[in-house]
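Each chain sits in its own coordinate frame; assemble them with the hints.
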Amino acid sequence: MSVSWPHAFAVWRRSASMYRRTWKLTLLPNFFEPVFYLSAIGIGVGAYIEQMGGTSYIEFLAPGLVCVAAMNGASFEVTYNVFVRLHYEHAYDAMLTTPLEADDILIGEIAWAMTRVLIYGGSFFLAVAAFGLAPMPSALLAIPVIPIAGLLFAVVGLAFTLRIPNMDLFSFYFTLFLTPLFLFSDVFFPIRERLAGPLLLVAELLPLLHPVRLARAAFEGAWSWTVAWDLAYVLIVSGALLAWTRRAIRERLIS
Amino acid sequence: MTTPPAESIAASDRTPRADDSSVVEIRGVVKRFGAYTAVDALDLDVPRGGCFGLLGPNGAGKTTSLRMIYGVTRPTAGTIRVFGIDIGADPRAVRARLGVTLQENVLIEALSAVENLRIFGRYHRLPGAELSRRIEELVDFLELGSHARLPVRALSGGLQRRIAIAMSLINDPELLILDEPTTGLDPAVRLALWSRIRDLRARGTTVIVTTHYMDEAERLCDRVAIMSAGRRVCEGAPRELIETRLAREAVELDCTRAEAVRLEAALSGAARPLRIGNRLTLYSDDSDPVVAAIHRLDGGERRALIVRPANLEDVFLTATGAKLEGGA
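Residue numbers (our numbering), protein chains in the order written: chain U, 1 to 255; chain B, 1 to 328.
Some clues are possibly wrong.
To give an idea of the interface, some chain U residues facing chain B are shown, with a C-beta separation under 8 Å as derived from the structure [unchecked claim]:
| id | residue |
| --- | --- |
| 1 | Pro6 |
| 2 | Arg21 |
| 3 | Lys24 |
| 4 | Leu25 |
| 5 | Thr26 |
| 6 | Ala94 |
Label-pair ranges, simulated between beta-carbon atoms [to be verified]:
| id | chain 1 | residue 1 | chain 2 | residue 2 | range |
| --- | --- | --- | --- | --- | --- |
| 7 | U | His87 | B | Ala229 | 26 to 36 Å |
| 8 | B | Ala202 | U | Phe32 | 52 to 62 Å |
| 9 | B | Asp86 | U | Gly221 | 55 to 65 Å |
| 10 | B | Leu191 | U | Leu28 | 30 to 40 Å |
| 11 | B | Glu109 | U | Leu183 | 30 to 40 Å |
| 12 | U | Phe36 | B | Arg153 | 54 to 64 Å |
| 13 | U | Ser17 | B | Ala129 | 50 to 60 Å |
| 14 | U | Ala243 | B | Pro127 | 31 to 41 Å |
| 15 | B | Asp90 | U | Gly197 | 31 to 41 Å |
| 16 | U | Leu169 | B | Gly34 | 19 to 29 Å |
| 17 | B | Asp215 | U | Ser4 | 39 to 49 Å |
| 18 | B | Gly34 | U | His87 | 36 to 46 Å |
| 19 | U | Lys24 | B | Glu109 | 14 to 24 Å |
Simulated from the structure, these hints should not be mistaken for lab results.
Computed from a predicted structure; not experimentally measured.
Ideal Cβ positions, reconstructed from N, Cα and C, are used throughout, including at glycine.
The shape of chain B in the complex, shown without the other chains (with noise of 0.2 Å):
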């Protein structure tokens, strides 16, 4: 006699199906508003567990997608699992384990966070024992203190942000969907709320964030989707994307289109060139000759060039907005 290892009955006690190891699965999703089409034969996996990132500028269908994962966006074609349920069958039963922070607060601003965790314990149908448990565990997670009192609007944006999240934990999530989690809060409280959410990363609740900060893409997501015009352009670890999508290095120098042409002419294909405005940037995974290549152009002066690590901000450029010029 053998017993099933403990963590497949932890499985199986969250989903119906104990081998799906997906979250999210998104299969052939299209929605069209009218002629429009928002979001274009999409397939995503997002896997149980960790902080998926979905990047993209802005109206490249990053809320479309997130609303029709919990339900109030109905896919054109195509099917949504979350938990393994179909979100079109019941989004009650969805909606009741996971969490949405949405882009704008919902905070009813005369009300205190206590009284607004309150309020939205009650969608949940959270017995009052149990609620103002979780409430207590909310104000002391996200640090409200004696904030927690005080009417929301006498609040700043960062404790609004804070009590905003609070409010989408209050059922103790499996899922949380951050919607531009840090849009517009100042660096001290980006670094505050990422370093919360890698906590509930670490609880084992699986995170979905948009953004369109690639820094932040970058140190919190495990993987991130990028999407352009409703489409998935590229989807993997932001480390590995950089590297097998992109290159090692980027080497940026202001210059004008002719001895843009005359640079790219001269690297013949050894480096990626992205040019925004007159603002060239060259990827490789080897900058030194690239260097070398401008200083030759340059004959004896030297203009001012940046040499550093490519990030996934340059692999989102090159995937989705600056027109690319030539190319590897």
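Only chain U is shown next, with the shape it has when bound in the complex (with noise of 0.2 Å):
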């Protein structure tokens, strides 16, 4: 991999001035999101349930949606905003006339939306930290857990906006892949107590069941070898499809 860092650094800039534009606009619904479910249903639904996972259902919620947050504030804008800079704003074709290279607009752009899930995920952990759902200190190690989470819905994101035609493909990604993620990946109830057998398999190869058992396992403060292995499931998903998306980018840019 060829990356200039100084060169990733100039892209991950160009995002930067553009979110400082319009980050008041943005902030806001992305952080209220993950706040709107975790009252209604944590509060709400939550009334009628004693506990879950040995806790209360609030409580429960919360480092599930810490994930929720760090997922969506990836995906966005590794999507729309990825494929408007693509193919509207021409803005690659334009980097690619200067001295940087294909691999240093993925790397700006991957760490653009890592640094935009921290401030999505970071913003919703205080949150959830100051309402007193966060076990201290354990849950503090929940923070690392969100750029990795980042990482890997950025790399899962672009691999699909780098190879759709047009923009109308996002709503497949959003409501048929994400949507179902949100909901059967340990979020809202443990899945092991619930699913059957061959759809625990197939959680268990999707991305957000892994991001949430680590963010789970540091407010529990409870570790077990699962761990190592969630770990290593993000570590190597987001090491092969950055590799993939490095090609994609190439084929899309470069002829």
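Right under this line is the structure:
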């Protein structure tokens, strides 16, 4: 990989400059979405549920929703925003007339997506902590899970964005991919207790379950060998998709 | 003891090979996209300094050739050296020294010219103070004035084009590549842009420009190469091309096919005909005998004729587009 970090940083700064202008408009909806879920389902539905996974329902929801905030933050960035920069603003074609190379663009964009993830996931984590839903200090270990989840969903989203011909297909990505992940990845209920064997296997192959389990382990301070598997999954899948997106961005930009 | 002439010092500063007078050297380049051959056995030398025009109809391979020069399209075969550097081996080094204005403006519409220039300058890793100085110079040079601080989307097409050109000049390039810089602009804006391009040329910047406006090429370029179907058809100074490839004068008239055949027979090779639809153009160094022949054909009636100097457009049409019938 021939990344020049200063050049990748220039790509990161392009997005950061744009974000500085609009952050008030985009931060609030992205931040409030998990807050609404937490309050409506945690307080509302939670009132009818004595306990789940050994804690109150709202405490059960908190670590999973931190990961969902990270997933959403990364996904919006690398789907719609990257697609617009690629196909409408021709930002990458412009970059390739300068000393920047495709690898710098890829790394700059992933780094930016992870930055946004840190902003969203981090502020949601702070809200959760302020409500006393994050047991300290063990829950602090969930903070590094945020950029790790961000990296994973950045490369998953990029692999999709770089291959599709038009923006309409993003509705498939969000509705048919991210929504089931959101619902069946240990966020709302422990899937191991409710889903049948083959479905569990499917969930195990999909990306959200692993960061959620990592965050939950941090919140509960209960570590097991599963954590090693979850970490390995996230790192291996991120690495493999990084290699794949590297080829895909070359094919898109260089002929 | 003699000191080397100042020129050769300057030249060796800018290129690894002091004896190399070509900024771009294309040798036997082929580019295929699947079964389609976009560029076919292209040889081209762009001399240092001056303005080089790459002309041709849409689909002739102009943009593909440009993309290969700055290294985002890789040739299927052949070699390209820019500033004496193999573009495939070190594209970063080459692109640090050139600027490209793409066919489509690549501005961030929500940002001002100054903000766009700042973001673009960072791709070249220009340090803050130098970048601010360059931006100021370019705002002056392209006469952006107070428009430089407005969001780009509020500006006219001509201003946006000027900003796009300013962006490709941010690194003070030795070579400026302009892909159809004036397409879609009104005549006054085109004239203003040409004068900026001449200024750059006067400062020693080498300019490569693609266009399908032949008047633009004739007025702007020191040298042109005409491409058709991926091949270079001819190359030279515009005036030289017109006189050596074609003829000094052109006579234009409307006529039927039968009339054209009779006229061509009467002229027996004294003029080179080009027929597009009902319009017949006859090229010759001296148009008097051609006009006389037309008058004889017409008997007493005199049809409308245009006698004019031949231009690059004529060379272009005879070389690429129209089917030649007969020929000198």
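Cross-check of the supplied hints:
no.: 1; hint: Pro6; verdict: 6 Å, holds
no.: 2; hint: Arg21; verdict: 7 Å, holds
no.: 3; hint: Lys24; verdict: 15 Å, violated
no.: 4; hint: Leu25; verdict: 12 Å, violated
no.: 5; hint: Thr26; verdict: 13 Å, violated
no.: 6; hint: Ala94; verdict: 4 Å, holds
no.: 7; hint: U:His87 - B:Ala229: 26 to 36 Å; verdict: 29 Å, holds
no.: 8; hint: B:Ala202 - U:Phe32: 52 to 62 Å; verdict: 59 Å, holds
no.: 9; hint: B:Asp86 - U:Gly221: 55 to 65 Å; verdict: 58 Å, holds
no.: 10; hint: B:Leu191 - U:Leu28: 30 to 40 Å; verdict: 49 Å, violated
no.: 11; hint: B:Glu109 - U:Leu183: 30 to 40 Å; verdict: 38 Å, holds
no.: 12; hint: U:Phe36 - B:Arg153: 54 to 64 Å; verdict: 34 Å, violated
no.: 13; hint: U:Ser17 - B:Ala129: 50 to 60 Å; verdict: 19 Å, violated
no.: 14; hint: U:Ala243 - B:Pro127: 31 to 41 Å; verdict: 34 Å, holds
no.: 15; hint: B:Asp90 - U:Gly197: 31 to 41 Å; verdict: 56 Å, violated
no.: 16; hint: U:Leu169 - B:Gly34: 19 to 29 Å; verdict: 24 Å, holds
no.: 17; hint: B:Asp215 - U:Ser4: 39 to 49 Å; verdict: 43 Å, holds
no.: 18; hint: B:Gly34 - U:His87: 36 to 46 Å; verdict: 22 Å, violated
no.: 19; hint: U:Lys24 - B:Glu109: 14 to 24 Å; verdict: 20 Å, holds
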